[in-house]
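Trainee: Sequence:
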Amino acid sequence: MTTESLPIPSNVRTASRPSARESEPELLTGSGAILRSLELLGVKDVFGLPGGAIIPFYDELMASTAIRHILVRHEQGAGHAAEGYASSTGKVGVAIATSGPGATNLVTAIADAYMDSVPLLCITGQIFSHLMGTDGFQEVDIVGITMPITKHSFLVTKPEDIPATLAAAYLIASTGRPGPVLVDITKDAQQNTAPFVWPSKVELPGYRPVVKAHGKQIQAAAALLVEAQRPVFYVGGGVIRASASAELLKLAELTGAPVVTTLMARGAFPDSHPQALGMPGMHGTVPAVLALQESDLLISLGARFDDRVTGKVSEFAPDAKVVHVDIDPAEISKIRIADVPIVGDARDVIVDLTAAYADAVAAADATPDIAEWWARLNGLKTEFPLGYDEPDDGLLAPQYVIERIGQITGPEGIYASGVGQHQMWAAQFIKYERPNAWLNSGGAGTMGYGVPAAMGAKVANPDRTVWAIDGDGCFQMTNQELATCTINKIPIKVAIINNSSLGMVRQWQSLFYDGRHSFTDLNTGDGTIMIPDFVKMADAYGALGIRVTRKEDVDAAIKLAIETNDRPVVIDFVVSRDSMVWPMVPQGVGNSAVQYARAHAPEWEEE
1 MTTESLPIPS NVRTASRPSA RESEPELLTG SGAILRSLEL LGVKDVFGLP GGAIIPFYDE
61 LMASTAIRHI LVRHEQGAGH AAEGYASSTG KVGVAIATSG PGATNLVTAI ADAYMDSVPL
121 LCITGQIFSH LMGTDGFQEV DIVGITMPIT KHSFLVTKPE DIPATLAAAY LIASTGRPGP
181 VLVDITKDAQ QNTAPFVWPS KVELPGYRPV VKAHGKQIQA AAALLVEAQR PVFYVGGGVI
241 RASASAELLK LAELTGAPVV TTLMARGAFP DSHPQALGMP GMHGTVPAVL ALQESDLLIS
301 LGARFDDRVT GKVSEFAPDA KVVHVDIDPA EISKIRIADV PIVGDARDVI VDLTAAYADA
361 VAAADATPDI AEWWARLNGL KTEFPLGYDE PDDGLLAPQY VIERIGQITG PEGIYASGVG
421 QHQMWAAQFI KYERPNAWLN SGGAGTMGYG VPAAMGAKVA NPDRTVWAID GDGCFQMTNQ
481 ELATCTINKI PIKVAIINNS SLGMVRQWQS LFYDGRHSFT DLNTGDGTIM IPDFVKMADA
541 YGALGIRVTR KEDVDAAIKL AIETNDRPVV IDFVVSRDSM VWPMVPQGVG NSAVQYARAH
601 APEWEEE
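Residue numbers (UniProt numbering): 1 to 607.
Please note that the accuracy of each hint is not assured.
Said to hold, decoys possible - Dumping the calculated PhoX-like pairs for lysine-lysine here, alpha-carbon to alpha-carbon at most 25 Å: (1) 158 with 212; (2) 431 with 250; (3) 216 with 321; (4) 489 with 91; (5) 551 with 536; (6) 321 with 431; (7) 334 with 212; (8) 212 with 312; (9) 216 with 158; (10) 312 with 216.
Stated by the list, open to error - Computed spacing ranges between beta-carbons, pair by pair: (11) 209 with 560: 24 to 32 Å; (12) 564 with 201: 45 to 53 Å; (13) 407 with 193: 18 to 26 Å; (14) 519 with 314: 27 to 35 Å; (15) 531 with 560: 23 to 31 Å; (16) 366 with 559: 49 to 57 Å; (17) 378 with 410: 21 to 29 Å; (18) 89 with 315: 33 to 41 Å.
Don't read these hints as lab results, they were simulated from the structure. For clarity, every value in this text was computed on a predicted model and none was experimentally measured. In this text, a Cβ means the ideal position worked out from N, Cα and C, and glycines have one as well.
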């Protein structure tokens, strides 16, 4: 392989380089080199927890005035906070941990970031290099552990290697398909000294992400788009990561084709736009699901044909030709063979495709007529609007609560979600008008993501209202970060959709296991038992705690939370445990089997 010389990203500063007449480069400890490197990379905020193997760096960090360190209560919280920071801004999030369990506690967040293409820089301390391999105290091969779930993992044992390694890690995390990069630095590398030399370019063997797509493939895609009678833009999270929402809007309006936005792409295209069909997939809208299923052309932009979208792959969109656009060549034709494969940055490809489509229409001297297709889709919109039934147990409808959070907060807010029923309802019932407003764990489905991700997003966006929409199960996994929020004056709002159970698992047990609710009851708010009492817990953490059990109190609680900015707010919304997420396509079933209401559920047979 040849060695590629890649320029440092534009937001990264270049260290002054001494001339021949000047003194030699400054001598710094490895810890000092870490700090200087982070400053030159433009890092302003980091999330972490110190320990023995990373103490030297923390000693250096203590004196920094350029970087704010947020001391978390668990390293998983640091990782998810860095994810929330990154996903709400497009910047690289930074998490720091010590060796052994400190590093392994980051693994869940690293895997999460890898699945969802989140740019993350994770720095871990490692034991002394001469002790490695001896099963030393808190020794774990974190480079080996994370190799399958990072874009790259580095082990640094010499202080002189730190600047170039961190510059390379930052570049890898933030270019091409974004993702997590881990840098493991031994304690002696942190303590020893070496000249600090900052690279003007990063030398990486064979790493050259393709940004500009091949012109003939763009023309082929444009030709298919002109010919199609039932086209659909299948938009994935790659459009958000590429900051391509404005370009997508222009292309969509030029073609008039419908747009579906996956769970990771909510907000990439405005929900209020008449061409928006909503979210496809297992719990997608009926128009979005059937638009993909009945299409004759799928223009997939930064999407990976996830099983939650396709359902039974052999039955997915059987009549459709596929244009697959992705910056990661490994995704092209991985699940569905692409008729026109296009490797490139989503924003650049969309710009080129827009121009090529306009040229193709001009050459044909006719605008494609897809009126019949829109008649079908508008009919589906009318017949199958998103909705829900009021619970018959007198408790709150969770969909109503989440809908009102979105309506009262508005599109400028940021919404971070846990995983489960509340995640799907938040994706369905909040209207997203802009990218980076919806943060969730899509690929990994990580319970506990919501609170720390909201914390990270609020650090990055102090002037925006940031909600963590969580379930009572998810909340109990990472709620200790409320202490972090209170102490560091990070006033997030937490809405606990408290159905006193592991709701999504319970729903599947109700539908497919004859109502045998095996170990899914949490007893967090069934009227007689509240373990824990979330309002008392909020008070103990220095947050404002509110409990809402009546529909008429929902709006006032939300407004009070928005108005309270001197501390975090936790609202315990006690909702019906029998509420279910609809529509639904069970796992292993073709999307044509999408059902709109529970009455149809007995027809399903899970595969």
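Trainee: None of the hints should be skipped; say for each whether it holds.
Mentor: Do the hints match the structure? See the list:
The straight-line distance between the Cα atoms of residue 158 and residue 212 is roughly 37 Å, outside the 25 Å bound, and the hint therefore fails. For the suggested pair residue 431 and residue 250, the alpha carbons sit about 20 Å apart, so the restraint of at most 25 Å is met. The hinted pair formed by residue 216 and residue 321 meets the criterion: a straight-line CA distance of about 17 Å does not exceed 25 Å. Using a Cα cut-off of 25 Å, the hinted pair residue 489 and residue 91 holds, with the two alpha carbons roughly 22 Å apart.
Restraint check for residue 551 and residue 536: the C-alpha separation of about 22 Å stays at or below 25 Å, so the hint holds. Annotation: proposed proximity of residue 321 to residue 431 is violated, straight-line Cα distance about 30 Å (limit 25 Å). Annotation: proposed proximity of residue 334 to residue 212 holds, straight-line Cα distance about 21 Å (limit 25 Å). Between residue 212 and residue 312, the direct Cα distance comes to roughly 33 Å. Violation of the 25 Å bound is thereby established for this hinted pair.
A distance of roughly 47 Å separates the Cα atoms of residue 216 and residue 158; the hinted pair therefore is violated under the 25 Å criterion. For the hint linking residue 312 to residue 216, the alpha-carbon distance of about 32 Å lies beyond 25 Å, and the restraint is violated. Taking the beta carbon of each, residue 209 and residue 560 are about 47 Å apart, not inside 24 to 32 Å as hinted. Distance hint check for residue 564 and residue 201: the Cβ-Cβ separation is about 49 Å, which falls inside the suggested range of 45 to 53 Å.
Between residue 407 and residue 193 the C-beta distance comes to about 58 Å, which lies outside the given range of 18 to 26 Å. Residue 519 and residue 314 have their C-beta atoms about 34 Å apart, which keeps the hinted 27 to 35 Å range intact. Take residue 531 and residue 560: their Cβ atoms lie about 26 Å apart, and the range 23 to 31 Å holds. Restraint check, residue 366 to residue 559: a C-beta distance of roughly 53 Å satisfies the suggested window 49 to 57 Å.
One distance hint, 21 to 29 Å for the beta-carbon pair residue 378 and residue 410, holds here, with the actual separation near 27 Å. Take residue 89 and residue 315: their Cβ atoms lie about 39 Å apart, and the range 33 to 41 Å holds.
Violated hints for the displayed structure, listed by number in ascending order: 1, 6, 8, 9, 10, 11 and 13.
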